[in-house]
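Trainee: Note that the protein sequences, when read in sequence, are chains A and B.
All letters in the first sequence, in the order written, are residues 1 to 664 by our numbering.
All letters in the second sequence, in the order written, are residues 1 to 303 by our numbering.
Mixed in with the good hints, there may be bad ones.
Claimed, not checked - Each pair of labels, with its calculated beta carbon distance range:
no.	chain 1	residue 1	chain 2	residue 2	range
1	B	Thr281	A	Asp618	30 to 38 angstroms
2	B	Gln285	A	Gln600	34 to 42 angstroms
3	A	Gly111	B	Gln285	51 to 59 angstroms
4	B	Asp44	A	Leu484	37 to 45 angstroms
5	B	Thr205	A	Val267	52 to 60 angstroms
6	A	Leu539	B	Ser273	52 to 60 angstroms
7	B	Val266	A	Val267	56 to 64 angstroms
8	A	Asp618	B	Pro166	53 to 61 angstroms
9	B	Thr281	A	Arg632	35 to 43 angstroms
10	A	Ser467	B	Arg33	55 to 63 angstroms
As the list claims (entries may be wrong) - Pulled from the structure, derived: some chain B residues nowhere near chain A, Cβ distances all over 10 angstroms:
no.	residue
11	Gly52
12	Val54
13	Gln86
14	Trp168
15	Val258
16	Val270
To be verified - Footprint (simulated), chain B over chain A, 3 or more residues, beta carbon under 8 angstroms:
no.	segment
17	388 to 395
18	406 to 412
19	470 to 484
20	555 to 563
These are calculated hints, taken from the structure and not from any lab test.
Built from N, CA and C at the ideal position, the CB exists for glycine as well.
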Amino acid sequence: MNLYLAALGLLLLGALAGPVLSRRPALALSVGSWLAVAGSVVGLGAVLPFLLGAAPVESTLPWSEPLGAFHLRLDPLSAFFEVALFAVAVPASAFGAWYMKPQVGRRPLGGFVLAYGLLLVAISLVLSAADGVLFLVAWEVMTIASFVLVTFDDERLQVRRAGFVFLVASHVGTAFLVALFLLLGRNAGGFDFVRFEALRGVGGAAPGLLFALGLVGFGTKAGLVPLHVWLPEAHPAAPSHVSALLSAVMIKTGVYGLLRLLGFLPVLGAGHGLLLAVIGLGSAFVAITLTLGQEDLKKALAYSSVENVGLILLGLGLAVAANASGHPVVAALGMGGALFHVWNHALMKGLAFLGAGSLVHAAHSQDLERMGGLLARLPATGAFFLVGLASLAALPPLNGFASEWLLYLGLLSVGGAAGSAGPLLGYLAVAVLALVGAIAAISFTRIAGVALLGAPRSREAAGARESGPASYLPLALLAAGCALFGLFPSLPLRLVVPVAVQAGAIDAARVLGPASSLASPPRALLLVLVLLSVGIYLLRRRLGERAATSETWGCGFTAPAPRMEYTASSYSQLVLGSGLVPRALRPRVHLQAPRGLFPQKASFRTDAQDPARTRLFDPVFRVLGDRMSRLRRFQAGRLNLQLLYTLLTLVALLVMLAIRGRAA
Amino acid sequence: MILRALLQIGVLLLLPPLLLGVVNRVKAIAAGRKGPPLLQLYFDLAKLLRKGAVYSRTTTWVFRAGPAVGLAAIATAGTMLPVAGQPAIVSFSGDFVLFAYLLALARFATALAALDTGSSFEGMGAAREVSFASMAEPTLFLVLVVMARATGSLSLSGMLGPALAPAWRAAAPALLLSAIALFVVALAENSRIPVDDPNTHLELTMIHEVMILDHSGPDLAFILYGASLKFFLFGALLVRLVADVGATGFWSAEGAFVLELLAFSVLVGVVESFMARLRLTRVPQMLVGASILSVFALVLLLR
């Protein structure tokens, strides 16, 4: 625990470098970033033992807050998510030291460095807090710090809007969590997690309501459809290493919260599990379909985060349902798949966002249509980014496949069970999962093809250059993690086991352990794949010694130009326009077709739109806004009026107390 | 034993180009032509492997790696497929998921290589390939889970092994429906009429062929060979599913298997000769039709 506190201390020190050194922004940036790296490395060392069998540790620090206590606890579940945090924070912070350099002197960095350090500390505390009040305080600090980071580039209107949406959505979610913890506190007679956990056996009042509150509150943070609307706005707006941290780690605190909550509630029924799984799979399908229409590289990646959280929830729901209906093997596969995917997604989305940062930096635009040909110009960055995209498309032998494999096996094992309703749902889920995987392949070939390959689509992209090891070594670290976890999944799965057991999958050790034949496809086969690929590639180089270079074959046309390349929107047009995709998920098309014998002007534009935003929240908030505007009359802005309100409130409270007192 | 394993691998590696030769010969006969020799693809491969290659200045290593990764992925997938009723070289629970994902990896690599050229034709081909594949993928999985459920096994070797005959007796309608769906998927995945015309000469109408316009020499050889291997894999899956003749001896089983594969090629050739190619916008409807068939099969099985 002391080592863990030391790590938090280093992170805090890094945060303080912001305001203390604000006169010397370059120094503040590097001190802040490298202290964050150091703190995260120490933190990794501090939390890893808890996955290797160390007994959980608790500690209470002096804290003079009413109701709550500064009660920290590190158990496998906390440690598991902390590992994801620190493992991503190391490369992200190191990348940030390079990425933010151009901002030195342009704008004050003190607040940014402070917020960055505080975000790391706050996420870490959210994961280790063992007290409801401390948890909520850390949760709120996490929200505010990420708001500051998201709105760093606040000269852009889009960024300010994204920040606003983020703030509103986060606080609506937090309101549900406050209600959740108040109810839990009333049931348990205190806010300590130990008391909450004691409720598990007792039951307490209204577990269904608690479950619903937690699902909305934590689901908002995790970005479940349709509560995800803030995510594709906020994550692309932030500087890229912050996006990496937000998408790879911060949204997982929602998953962590749900898992903790499951430990407080009496064992849930199969219906609850089914609900989680359906929401998860639905989120995955909607989000991956929405990536197809995005022109903004980082926005597409943000939607893919929603997809992956959906897959994690699918595994969770599968585990809950299987536990309720007595299928421990399925529960172990579902829970193991969900947890393993938490780590894998952290690695691959961290990699993808850092890579996207470099590409955006090089091409001076987030627009896919203004990139192109970047692999030839940024060979190292491009190659690592490609690894991230292939992982996200869940292709073997990379890590995205390793965890989806467990989900498939879990769903298929449901299918093997007796009865017909369970198997039918399991099998249909397999088909939907396959569809999600295939759409992911469209989406990531599209991103790779338009951004990395082909000819450059803008002057900036044509002149792009690699900026040295500081920009791509962090990517190399994450890419190595993706390949390692994909080829040797038994290593990380060994660490997943105690967490899965704690989360209720009692059979995890047998099903996910190294001796199990279910946990992963034979390693030899994946190695054969790699060796065969390399072998054929080398063979080709022997054979094709006589190689000539020329222009791309243009089918007879001899002056191909980059503007004739297939665009990102045309790439996904076939599947989006095929009638298979619900109309609500298609981009809006603005077409002015050429008319007449001598056509004048013609234009074609597509706008990606989010149905949750345009069809659900925008109308609701518009109506609410209209109704609420009548309340403005009471807020005239005069001081004496405000004082009167305060007085009236006080009197009302006193009257309430007096009535209460008489009643008692 | 080792001899038999070698023979299995030999069939897997050497037979595929012949199947496409048979398809082309059937098409030629149906059209009243003489057609190229049955072994034409072997000649083509030998020629291409000896030739040099031309690379576009736009391309990177992705273009050169595409055919290699594609062929490696398809060949690795082949190790999980039981040939002639013998268990596959590798077999484990859930191997069909990896089988499908390796085919997806091959597609990913080919599509990226196509996009690397920066040609709009090849981009178009890549978009069509991955889009149609996304519509065929759920069907492929549904067909495989129907087989898994009917035989009570999660591995391809188990699904296509001795448990298949009793499964046909117990659930013939479901298996028949899924076999039809699998045939449609096989046509789509292997770029055959009515989805794609491998012999078309208009770039705008191509799917698979337009993706590989820029490949030449050994690269093209790898792609053509990989395509024939994939055709073989789907054919082997299908003939084993519908035509388990119950031959017990090794040689007779092997012989029957090769004959069945040749029959499958003839069938594909006949379909290609007597069907028109569908309009691109009609292809999704056919693929969705196939997936509805496979859902019916599942419901029939679980009833």
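Trainee: Of the numbered hints stated earlier in the document, which are not met by this structure?
Mentor: The structure conflicts with hints 6, 9, 11, 12 and 19, although it agrees with all the remaining ones.
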